[in-house]
Amino acid sequence: MMKPKLFRGLGAILFKEFIVVWRDPLTLFFFFFPPLIEMIAFGYALDNDVKHMAMLIFNEDRTVQSRQLIDRFVNTESFRVVGEVKSLEELKSEMRKGRAYAALMIPPTFTRDLNAGHSAQVQLLVDGSNSTTALQALQTGLGVALTQSLESLMRETGRQGMPVDIRPQMLYNPAMRAPNFFVPGVIGVVLQIGTTVAAAMALVRERERGTLEQLLVSPLSRAGLMLGKLVPYLCIGMAMAVVLFTIMRFVFFVPIAGNVVAMMFSTLVYVFALLSLGLLVGTMAENQMQALQMSMVFLLPSVFFSGFIFPRETMPWIFYALGALFPTTYFIALMRAIILRGANLLEYWPHLGVLILMSNLLFSVCALRFQKRIG
Amino acid sequence: MAEAMIEVEGLTKRFGTFTAVDHVSFSVGKGSIFGFLGPNGSGKTTVIRMLCGILEPSDGTARIGGHDVVREIEPIKEMIGYMSQKFSLYDELTVNENLIFSGKLYGLSGRELDQRRDEMIATTHLEPYIDRRAGQLSGGWRQRLAMACSLMHRPTVLFLDEPTAGIDPVARRELWDLLFEFAGKGMTLFVTTHYMDEAERCDHVGYIYLSKLIVCGEPDELKKMPEVNPPGTRRLDVTCDHVTTALQAMHQMRGVRTATVFGQSMHLLVDDSVKRAQIDEQLRKVGVSHAEIHEMGPSLEDVFVELSAKHASEQQRKAA
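First to last, the sequence lines map onto chains F and P.
Numbering-wise (the working numbering), the first sequence opens with residue 3 and increments by one.
Numbering-wise (the working numbering), the second sequence opens with residue 1276 and increments by one.
Think of the hints as simulated: they come from the structure by calculation, not from any bench.
A hint or two may mislead.
In silico EDC-like pairs for lysine to aspartate or glutamate, Cα to Cα no more than 16 Å straight-line [stated by the list, open to error]:
(1) K374/F - E1349/P
(2) K1585/P - D129/F
(3) K7/F - E1331/P
(4) K374/F - E1372/P
(5) K374/F - E1331/P
(6) K1361/P - D129/F
(7) K99/F - D129/F
(8) K7/F - E1353/P
Bear in mind the structure is a predicted one, so any value in this text is a computation, not a measurement.
Hey, can you work out the whole structure from these sequences and the hints?
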């Protein structure tokens, strides 16, 4: 027989593993269902676009000019007026209740000061207990005041156009849509949960049931066993990736700017790396409980340190270095490059290279680590 | 003896400070059935695992078909079959699929694989269950399937670790008939068991006790050992009513060395000076009126009981 010795017994393991996976609907369910739910939940919940923040008005001036100022705030789309108050006490009480994130106080002297050429003071109260909304409210408020001041000044001086005119242009994600930024990352995070645990379980179950002993007695090779365990889950993982990308495109409307083949190939390498990681866990764990706990050790930090939510560049160096250890880090970087920036191979190859290296290394380590003896 | 298929020399396995197998030596001839006996935890499975190359010996050597189990394990794997205690089957796979899997594992494919499977199904009479999941089979059928799986690649040496544990008597008898059939075709069989009647059927038996192989040989030879037949004694089989009452009476009788109940009869080891009439008289005193007394040879169980008692007392003497 001239079969390559390296993968001896691969066919047998593939034959068995595909049947076992297919006949175990519970495993398939846990493979598919939680990631789908997480995808939908993450996709909708992770949104740092702050729009239509509740705002209270305390207008003691009640003139056309003061109403124009309020309109300017509303026109930014950052605020919506939820009510007017009649006193400072009422305002403070409403803010404490959390009825609004911001409140605009216009004093009775507003129009008079404006017309007299004095500085007309307006107070913007911001609820600082939520940093995202507070920051947005502050920036918008300052922007509105600045614009209005500049317009008045230009009218008075008769000057045309701003002294410095900044024209920002948002590349790759012109509408600044949060799903565009988050959803490719969400795919990376949810893909790793089902795959890693499933691969670890597949190996540990064999040990728990005593069938591993039978395999060890046979001429099956280590690489044959590992690849045979990996390929069926690779197929399922890729099927799931297709579902997730479809949801990304048609539910969250994230356009794919780059090459779809490159996107799928990167995903294939990524899932291969994750499954190898799972198998590595499987060679170390004695039982399914241990396998689950060990998988979590890898899975949880990767959510934080992969740049999925927080940019890695601003992290302390130790966490930055930690992030470099997770395949998820490179996958998320790749997805943002391919899907959002439409990057080509020359532009994203370093990430893909690391991912390919990582998946080969992980697979080799788990095949070599696996003892063909027991005890 | 025919040429040796399994040769074991000073095989030892230590787990930390515990010695699970202590300098065990024996050899098994080609085409013979070797029965490996011993209480639970005495080291039987550990020996099998070392012979199959999945556990590294701490000391000593073992060769299978001339190949060393540590250095030349790959050729050994092609020639051995192993049926573990737990009947390692995949419950989600059908009988047919389990067989196909086992064949593929050893590189069988195409027509050869199908032929071999049909052959195994015919041998083990598994036809009615061919499409049933292994998880839904009863103990006896699981055992047959496990055996069929371990035979798919036609091993020259087959290791069976307690193949008949928890199996009904009919299935047990049938399995042994199959084993004889295979041995007749030249297969070497290494079987661990708890059953003395199974041991009696083996060509050779070994008894491992407290990690040491204390006896090894043909059953008939072992029964003739002087340790088992002390000079000036004979063995008697006494069939009577009220065996438990009779047993107490025999324990108190002078000249009776051991007395053990076997169902409706007792096995006695008595001094030659003890006459049958004396036994009769002693039994009548305790109200056992009718007793049939025959002379008999030792059983294998007698052999193992005598030898392990002797071994244990020697160990105690050494420790003291």
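Okay, the hints, checked on the actual structure:
no. : hint             : in the structure
1   : K374/F - E1349/P : 11 Å, holds
2   : K1585/P - D129/F : 90 Å, violated
3   : K7/F - E1331/P   : 23 Å, violated
4   : K374/F - E1372/P : 24 Å, violated
5   : K374/F - E1331/P : 10 Å, holds
6   : K1361/P - D129/F : 67 Å, violated
7   : K99/F - D129/F   : 11 Å, holds
8   : K7/F - E1353/P   : 13 Å, holds
Violated hints for the displayed structure, listed by number in ascending order: 2, 3, 4 and 6.
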